[in-house]
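**Q** Chains as they are written, first to last, in my numbering: chain A, 13 to 426; chain B, 36 to 495.
By construction, these hints were calculated from the structure, which means they are not laboratory data.
Since the structure is predicted, the reported quantities are computational estimates derived from the model, not experimental observations.
Yeah, the Cβ is synthetic: ideal placement off N, Cα and C, and Gly gets one too.
Just to be clear, a hint being listed does not mean it is correct.
[Unchecked claim] Across the chosen pairs, the derived CB separations fall in these ranges:
| id | chain 1 | residue 1 | chain 2 | residue 2 | range |
| --- | --- | --- | --- | --- | --- |
| 1 | A | Gly-219 | B | Asp-336 | 49 to 59 Å |
| 2 | A | Ile-333 | B | Arg-333 | 54 to 64 Å |
| 3 | B | Thr-274 | A | Ile-75 | 29 to 39 Å |
| 4 | A | Trp-324 | B | Ala-113 | 53 to 63 Å |
| 5 | B | Asn-209 | A | Asp-238 | 32 to 42 Å |
| 6 | A | Trp-324 | B | Asp-336 | 31 to 41 Å |
| 7 | A | Ala-20 | B | Thr-274 | 50 to 60 Å |
[To be verified] Rough simulated footprint, nothing fancy, chain A against chain B, three-plus residues with beta-carbon under 8 Å:
| id | segment |
| --- | --- |
| 8 | 114-128 |
| 9 | 197-203 |
| 10 | 235-244 |
| 11 | 328-342 |
| 12 | 395-403 |
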Amino acid sequence: MNRVSNNAIDTASTDVLVVGAGPAGLAAAVELRRLGVQRVVVAERQLEPGGIPRHSQHLGYGIRDFRRLMTGPSYARRYAKMAERSGVELRLSTTVFDAAPAANDARAVLLSTGVRERPRAARLVPGARPAGVYTTGSLQQLVMAGIAVGSWAVIVGAEHVSYSAIPTLLHGGCRPVAMVTDRPAHQTYRLLAAATAGRNGVELVVGRRVVDIAGQRRVEAVVLDDGRRIACDTVVFTGDWIPDHELARHGGLAIDCGTNGPAVDSSFRTSVAGVFAAGNLLHGAETADVCALEGRRAARSIADFLCGTDRWWPPSGPDMIVESPLLWVSPNRLSAPRAAIGSPSKATDRWRFTLRTAQDLGRRAIEVRQHGLLLWSGRPVGTASPNRSFTIASTWQRAADPDPAAPITLTVVN
Amino acid sequence: MIDDRPYDVAVIGAGVVGSAVARLLSHHRLRVVLVDSGPDVGAGTSKANTAILHTGFDATPGTIESRLVARGYALLHAYAPQVGIAIEQTGAVLVAWNDEQLAALPRLAKKAAANGYAGTELLDRAAVRALEPNLGDGVCGGLLVPDEHLIDPWSTPIAFATEAVANGVDVRLNTAIDRVSVGIDVHDLGHGIRTRFVVNAAGLHGDELHRAFGFDGFTIRPRRGELIVFDKLARPLLTRTILPVPTSATKGVLIAPTVFGNVMLGPTADDIDDRSGTGSTSSGVARLLEQGRRIMPRLLDEEVTAVYAGLRAATEHGDYQITSEPSARYVCLGGIRSTGLTSSMALAEEAVIRLGQCGLELVPKPDEALVTVRMTNLGEAFTRPYQSSGRIVCHCERVTDVEIAAACTGPLPATDIDGLRRRTRSLAGRCQGFYCTAEIVTLAARASGKSTAHWIGASG
């Protein structure tokens, strides 16, 4: 035990310490080795590498990174095997307490600690505190371990992950009876909704909030804000992501007020020299393959940093500020043009900014401004509606002023 | 072989008070049983309080409560470090937000002195701000109470009861005393429990038991206190407990650090009729957030880890209701409100003295015959198990597999997930089981021999 972690890591000779062996962390580690970085140590606090996909039995993994359709566990195993083959040092059951460069001697640190769902208390849902209340995360693990979760479930939320809870519940012998969302409609693909909720007769209750949970020892019902009572013995709180940013906060990293993750520039550099961040720690929550590809990109930035072609750690550039109904943008800080931008190997023009909105934007355009001047405007790619991501181009960065006192604002055109 | 002799004393109610009484009785040559209707010790009112070891500076001078809080403070302050119950001296500051409250501060300092506590210090606006820079706008002044402590409220009753068991006390849980047959020499409490003497430490049901013995004098009116526990990342926002200045109009809420490293906002104080009404409410949570926003605006930027409600055993009287009835060989510790954690060990002394006055023979065991206990430290200010060994399985609270197994075995094991939480902090953190429920349930099942379904709460 030392200050850095509970299982001592010799950070003195470590080139890169990756914290978190989920898709982003493992993909970054593999890429770092491929780029010739000598010693890459991945610290993972769980017993097994792979992160969240380990517990997700359904298909849907590996599309963008492996160009095939896989289940979560086989996807996780594939990354773990790749890491092993490429000479990444994987330290399991290893909790990192302090990732700040002052505390460890690794030449660079990548935070890829992921994201979790807000549990019931964090959503301030009042009522009794009976057994039978889960998040999708805890539900998946219980079902996978063969532990009986309950008989009748209400799912709170109607985004992608909420629909993934349906097969998980059924697999665990628990019948989902209703989904409750405070939005006017569900927020996933029609096909997914039809194949899960539709096929299994799960009622979708829109425009309603859960305001009470009844039951002394075991859940007996949820109560909605219109007074309706839905009998159930199980409640699953889904989505409503919050990055696991404890290490980032302790390390004094600047936090983006929209994502709640560390503020990063387009090279995944945080506000602290030598510390990078990638994956769902930056945006809750993208699919595993998106995180893995982001990990790969972060690895290239880290490699540049290590080999000295890009040792320079930029002072913080201008923050990107989103205006309502936009919630956040990731990355959310610009760096001076010298780094990241203009280096053709990085293909910076191809990647895009990821955004979230609190309202359905339909086909409305987004404007990017600085000093009141229009840098870019255009339509988002993807469905610009709540609880799912859409993207905009990044090409306009070249034209931006790197002055940190000149924030860049993103607005929705009415 | 069944021992059909009656017990010398039955302590009814295994909250912090009853457990403290059982512990002290176990130091004497007596046959004692500690009885509770719930599934665990400390699982009622005792588990949901503000976890503060009070100096008693603001008690009403001359009351039994004032005397016992002062005495209990000294006793628990000495006992906690001996057995490994986390306590931390953070001090408290009463913050005045208007002229009326400011004017009340000198009176409170005088009251503290009348309660035997001379350590208070009046502070001007600047001094308060310097001590607690994250307070909201509008601070007028304050009163520093340097000797207020934080204490681990979960380990305290468990430590008392564990020590009692180690010294020969029987514990009967899930045993509701609903029919009492008062006898000339021996009382029959049902469930095969016969006893010569009874101590009523039944908390919220204390008045019912009191009446069952044929006495009257107080009625419990449960006072619900809702509390919001904030993420540990909020802990650096304050160093002391921020107390409200009690005025005629309102009692106000406090913001306090906890020994577990969180920050607590609360409690509300609503008189209710339902003695099982431990659910939180929309209005209670909204009121807390509104007050919290005024007291420490930045606190509300942090995530909430838990929301819960506890019921205090308030009565129509302004003081504890302590009575003894020699004819019935009965001692009542009634109306023990939120100060009961602090006063618990003094209440135990009081109960034992009164039992003696009622005719109980008190023969102390020799010191060398007494078994002492050592609790696993749950406090952030002291070394925790993960810092030396074990594999961390609850990552938010850094609880190890060894601690989970230990909490599910031994003389007073956890019997459900709440009991496990109170013994280890597991599942009490920010993720509320997102990462670890399945593993912890599996470990608990393995260690206890009970099924995973039992631990997840799927069966009764």
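**Q** For which of the previously enumerated hints does the structure constitute a violation, in increasing order of number?
**A** Numbers 1, 2, 3, 7, 8, 9, 10, 12, in rising order.
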